[in-house]
Structures are given as C-alpha cells and as structure tokens.
Amino acid sequence: MLRIQFITIAVNILFVLYISRLIIKGKLREEYAIVWVICTLFLLLFSFWTDGLELLRKLTGVVVAANLVFTGFIFAILVYLLHLSVVASKLYNDNKKLGQEISLLKEKFNKHLEEQKS
Amino acid sequence: MPGKVLIVIPCYNEEASLPILLPELLSTKLPHGYELQAAIINDCSKDNTVAVARKYEVTVLDLPVNLGIGGAVQTGIRFARDNNFDLAIQLDGDGQHPPKELAKLINYHIETGANVVIGSRFIEKEGFQSSFARRLGIQYFHWLNRLLTGQAIYDSTSGFRLFDRKAIALAAASYPDEYPEPESLVVFSKAGLKVAEVAVVMAARQGGQSSIRSFGSLYYCIKVTLAMFFSFIRKP
Numbered sequence: 002m003l004r005i006q007f008i009t010i011a012v013n014i015l016f017v018l019y020i021s022r023l024i025i026k027g028k029l030r031e032e033y034a035i036v037w038v039i040c041t042l043f044l045l046l047f048s049f050w051t052d053g054l055e056l057l058r059k060l061t062g063v064v065v066a067a068n069l070v071f072t073g074f075i076f077a078i079l080v081y082l083l084h085l086s087v088v089a090s091k092l093y094n095d096n097k098k099l100g101q102e103i104s105l106l107k108e109k110f111n112k113h114l115e116e117q118k119s
Numbered sequence: 185m186p187g188k189v190l191i192v193i194p195c196y197n198e199e200a201s202l203p204i205l206l207p208e209l210l211s212t213k214l215p216h217g218y219e220l221q222a223a224i225i226n227d228c229s230k231d232n233t234v235a236v237a238r239k240y241e242v243t244v245l246d247l248p249v250n251l252g253i254g255g256a257v258q259t260g261i262r263f264a265r266d267n268n269f270d271l272a273i274q275l276d277g278d279g280q281h282p283p284k285e286l287a288k289l290i291n292y293h294i295e296t297g298a299n300v301v302i303g304s305r306f307i308e309k310e311g312f313q314s315s316f317a318r319r320l321g322i323q324y325f326h327w328l329n330r331l332l333t334g335q336a337i338y339d340s341t342s343g344f345r346l347f348d349r350k351a352i353a354l355a356a357a358s359y360p361d362e363y364p365e366p367e368s369l370v371v372f373s374k375a376g377l378k379v380a381e382v383a384v385v386m387a388a389r390q391g392g393q394s395s396i397r398s399f400g401s402l403y404y405c406i407k408v409t410l411a412m413f414f415s416f417i418r419k420p
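Line by line, the protein sequences give chains W and V.
Those letters in the first sequence? Residues 2 to 119, by our numbering.
Those letters in the second sequence? Residues 185 to 420, by our numbering.
Bound-form chain W, shown alone:
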C-alpha cells in the first residue's frame, strides 16, 4: 500500500469518527450528516481502489484525472451550499414567526397584568 493511500484512509476514518461523535452528542442533525458521510465514503472508496479514478476518467473522457475530482467535488460543494441557504431561509422564517408571536403574546400578557391590577 502506498504511503499517500495510508494517509488518506487514516484521515477519512478520523473524519467519519468525528462526524459520528457529533451526531451522538446531538450537535449535528442526521439529515445534514448524510452528505458528509457519503462524501467520506467516496473518498474512502477511491483511496482503496486507486484504479477506479483512472476508469472514471476514461469513461467521462476527462484528460487529467485531478480535474475530474475537482469538478465533481466543487459541484457537490455548490449543491450543499445551496442546501444550506435553503435551511437558513427556513430558519429565518421560523424565527420571524416566533418573534412576532412573542411580541403579540407579551402585549396580551401586559394587558392582562394591568387589568388584574386595576
């Protein structure tokens, strides 16, 4: 086994372990972890199966294998960023609703307190 292969595999395994730890501790919701787990699995697959990349390169007609890796990963990252924007938008809307509801409730509560006083 090549030294670089060994390093990639080790880093990958550490990454998977870290993701699992985050999920177990409740710091990362599973639906967001899926993407990361799949990414690591891909990396792991190609660190073991070094001919795989060469095969994919020939299949897609890309001249330099590294470009295939970059294109693939940059696209995946873009899609994931878009997904994060969707998540942020949903959070914003939920926050807005909560904020409005709180201000309306506060007003009701204050009115109620004043009525009780008088």
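What the hints contain is simulated information worked out from the structure, not anything from laboratory work.
Certain hints may be false.
As the list claims (entries may be wrong) - Each computed DSSO-like pair below joins lysine-lysine, with the alpha-carbon atoms no more than 30 Å apart:
| hint | chain 1 | residue 1 | chain 2 | residue 2 |
| --- | --- | --- | --- | --- |
| 1 | V | K239 | W | K98 |
| 2 | V | K239 | W | K97 |
| 3 | W | K26 | W | K112 |
| 4 | V | K230 | W | K98 |
| 5 | V | K188 | W | K91 |
| 6 | W | K112 | V | K230 |
| 7 | W | K97 | V | K407 |
| 8 | W | K112 | V | K213 |
| 9 | W | K91 | V | K239 |
| 10 | V | K378 | W | K112 |
| 11 | V | K419 | V | K378 |
| 12 | V | K350 | W | K112 |
| 13 | V | K188 | W | K98 |
| 14 | W | K91 | V | K407 |
| 15 | V | K213 | W | K97 |
| 16 | W | K109 | V | K419 |
| 17 | V | K378 | V | K407 |
| 18 | W | K91 | V | K213 |
| 19 | W | K107 | V | K350 |
| 20 | V | K230 | W | K91 |
| 21 | W | K91 | W | K118 |
| 22 | V | K350 | V | K378 |
| 23 | V | K188 | W | K112 |
| 24 | W | K98 | V | K213 |
| 25 | W | K97 | V | K188 |
| 26 | V | K239 | W | K26 |
| 27 | V | K284 | W | K118 |
| 28 | V | K407 | W | K109 |
Computed from a prediction, not measured in an experiment: that's the story for all the values here.
Dock chain V against chain W, hints included.
Chain V in isolation, oriented as in the chain W frame:
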C-alpha cells in the same frame, strides 16, 4: 361602514421622533365613526423607543429580534387581524407621514372601496419629494409594477398605506420581509385586491435614517426586482 382603525407604526431607534409624532397622531380626527388606536412595533431598537412609546396611550409590540420593516409591519397587521380591526394603516415612525393625512386615505377607501390605499407623494407635486436618484428608482418601480400588476401605481415605494379587512388577512398570512412595499403590491394584485392611490403631502424625516442608502440602492433595485418577479410567477 365605520369601524376600528389600527395605526401600525414600525419603529427602529425612533425615540427622538415619537414624542413629536404620537401626541399629534392621538389627537388626530378621523372621519366620522372611525375609532383610532395606535400600535408601536419596536423592531428591537437600540435606544429607548419602548420606554418613550409606553408614556402614551398606545399598544406596544416589542419584537425580541430585529425583523426588518416587513416583519415589523406584519406583526402590526397580525395584531389588527387578531383584534378584529376594520382597517390598518401603516405610518412610519420617523415623522415622514403626517397624521393629518390619515383622513384622506380613509375617505378615499370609503369612496372607491379599494382594498389597499397608498398615500402618494407624486400625484400632486407638493411637500417632500426626495432626491433625483431616488425618484429615478421610484420611476423604475412604477414601470415594473405596471408591467407585473397592470395597475398604474406612481408611488409604489411609499410606506404610507391603508389595508382593509381582506388586505389585512392576506398580509397577515404572507408579507415580504425586506423592502416590502413594491413587492407586496404584486402580491395584492395577484390576489385580486384593488389597489388605489391618493395624493398626500409628506415631510422630510424628523429623525432616524432611511433603510435605503447610497451603496445599498443597487442591491435594493436588484433584490426588489427579483422579489417582484418571483411573486408574480408564484402560485397564490
């Protein structure tokens, strides 16, 4: 049909202008039979807006997070819906919209039966008219609004507007967040509401800053154009 009117006043750091605006507003005479109540929506101000507002006979809705003008106005509209108001009128907290002009909006609503009445600076050229660049932008939105809604609204960016029950129900359910004025008109006309415009005289702001300033104005134009376009193609 007379009824209860809620004046929705979105405020961000308006402690300086409220003591001028509120006494004037609370002593304003509305057309016969209409009863005025004011709601200050404090959009998480950094100054004493809430303390200042509580000195007057007004409802104070205190937002725990800063929602921007759209979210703040919607809070007031939701209050109007929940408390069974017949009309809601948005009036900016910075003193640009003189309370004595309120009667014009209500009378125009009674005359025309329009669901939304906008107080416009441009039908008659009187009072504060704002800078050239801003008027150019307003021209552009006038054109875009006519294209998307088929209604000729001259002052689509004016925040001085009246909502009737139908418009209140619609805006309480969905109202744009950032720079909501031109976009909400698309939403209203798509829902089949009638939007009308009446000339009012506006003042230059007494305090605070406009939410739209120099370098942000290009962003404003692009953002609002996109928002209006997507509101237009969105299914109601």
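Q) Which numbered hints are broken by the structure, listed smallest first? A) 3, 5, 9, 10, 15, 16, 18, 21, 24, 26, 27, 28
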